[in-house]
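Listed below, chain by chain, are the residues.
2 protein chains.
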Amino acid sequence: MTEALIHALEREILADIPLARAMQLQIAAYQPDGLTLLAPLAPNINDKGCAFGGSLASLLTLSCWALVVLRLRAAGEDCDVYVQDSQLRYLAPVWGEIRAESRLAEGESWDGFFAMLGSRSKSRLRILAGVADGSGKLATTLDARFVALRREAKSSAA
Amino acid sequence: MTEALIHALEREILADIPLARAMQLQIAAYQPDGLTLLAPLAPNINDKGCAFGGSLASLLTLSCWALVVLRLRAAGEDCDVYVQDSQLRYLAPVWGEIRAESRLAEGESWDGFFAMLGSRSKSRLRILAGVADGSGKLATTLDARFVALRREAKSSAA
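So the protein lines, in turn, are chains H and D. In the working numbering, each residue's number is its place in the first sequence (first place is 1) plus 1164. In the working numbering, each residue's number is its place in the second sequence (first place is 1) plus 1164.
Hints in this document: simulated from the structure, not taken from any laboratory. Cβ coordinates follow ideal geometry from the N, Cα and C atoms, glycine included. Take the hints with a grain of salt, since some may be wrong.
With a cut-off of at most 35 Å between alpha-carbon atoms, the simulated DSBU-like pairs for lysine-lysine come out as follows [what the hints assert, rightly or not]:
{"no.": "1", "chain 1": "H", "residue 1": "K1301", "chain 2": "D", "residue 2": "K1286"}
{"no.": "2", "chain 1": "D", "residue 1": "K1301", "chain 2": "D", "residue 2": "K1212"}
{"no.": "3", "chain 1": "H", "residue 1": "K1212", "chain 2": "D", "residue 2": "K1212"}
{"no.": "4", "chain 1": "D", "residue 1": "K1212", "chain 2": "H", "residue 2": "K1286"}
{"no.": "5", "chain 1": "D", "residue 1": "K1301", "chain 2": "H", "residue 2": "K1286"}
{"no.": "6", "chain 1": "H", "residue 1": "K1212", "chain 2": "H", "residue 2": "K1301"}
{"no.": "7", "chain 1": "H", "residue 1": "K1212", "chain 2": "D", "residue 2": "K1286"}
Here are some, though not all, of the chain D residues that point toward chain H, as calculated from beta-carbon distances under 7 Å [said to hold, decoys possible]:
{"no.": "8", "residue": "L1183"}
{"no.": "9", "residue": "A1186"}
{"no.": "10", "residue": "Q1190"}
{"no.": "11", "residue": "D1211"}
{"no.": "12", "residue": "S1222"}
{"no.": "13", "residue": "Q1251"}
{"no.": "14", "residue": "D1307"}
So that you can see chain H by itself, here it is in the shape it has in the complex (with noise of 0.2 Å):
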């Protein structure tokens, strides 16, 4: 079921948005509490040789929106889910394969979320990413928060 849920959103992604195909982003891993996107170099390098700025940037902020896309839909909640705003620290430059891994940001909790989505049928949420270097530090982060929008809300709203 979960297998299923991340190809079919994995397809998704690929179809849909011609730069995450110009990315070749695969998503490596997803369990309820995390979700890892994987890209190659090649593809997403910059003049410098390294990852390019814009791809990390990215794939961290779809390392969370697929993170945050799974668990609604495992929970059978049609959703728009869209990125309000985020923080990037770029720390140090990215050499090979770029590893984006999401997580809960700190004082936010998946049972608080779906309360307020079960109540007004919107709800918000903080998330973390990184993106480690070839030793494991932690060369890019991202501080996002998503908002997620019932789709029968939003057209009977509409």
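Let chain H serve as the given structure and place chain D on it in line with the hints.
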């Protein structure tokens, strides 16, 4: 002279950064105090039919980076320029061509930037950028810090 620098930088970006080619980025305008990047919607679309957040983040960041690089080159400085951190706000969807415009943040000055570069061979600068929606209202904003490092300084430090 300036036109030649602009075209040379655009060629370099497109040659060295595969994702910039995928986004079909072009430098549309450069003045000493601001730079505009353009990209069509089609290669930068997302699953909802509007501009992909990763494309917006990439184009906003590159509009700032290119502004700093062109100012440095116009002054005869040979530097590497890195983004250090950034804050992005996604305020509204972008449904058409993406136009990312950058300018110096308040409280920053090019004179101060070049003075520090002259004395330390390294300097920092905060740049703002925005993408407007079809009606001219800001749809996405970026506030980012960049570091410029003279290449000679870098090699002698390595």
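Structure-based check of each hint:
1. H:K1301 - D:K1286: Holds. H:K1301 to D:K1286 sits at ~25 Å (cutoff 35 Å).
2. D:K1301 - D:K1212: Since the Cα atoms of D:K1301 and D:K1212 sit roughly 20 Å apart, the hinted pair holds (cutoff 35 Å).
3. H:K1212 - D:K1212: holds, 33 Å
4. D:K1212 - H:K1286: Roughly 18 Å separates the two Cα atoms, so the pair holds.
5. D:K1301 - H:K1286: Distance ~25 Å between D:K1301 and H:K1286 Cα, so the pair holds.
6. H:K1212 - H:K1301: With Cα atoms ~20 Å apart, H:K1212 and H:K1301 stay inside 35 Å; holds.
7. H:K1212 - D:K1286: holds, 18 Å
8. L1183: With Cβ-Cβ at 5 Å, under 7 Å, it holds.
9. A1186: holds, 4 Å
10. Q1190: violated, 15 Å
11. D1211: holds, 4 Å
12. S1222: holds, 3 Å
13. Q1251: At about 5 Å, which falls below the 7 Å cut-off, the nearest Cβ of chain H leaves the hint on D:Q1251 intact, so it holds.
14. D1307: violated, 10 Å
In summary, the structure is inconsistent with hints 10 and 14 from the numbered list given earlier, while agreeing with the others.
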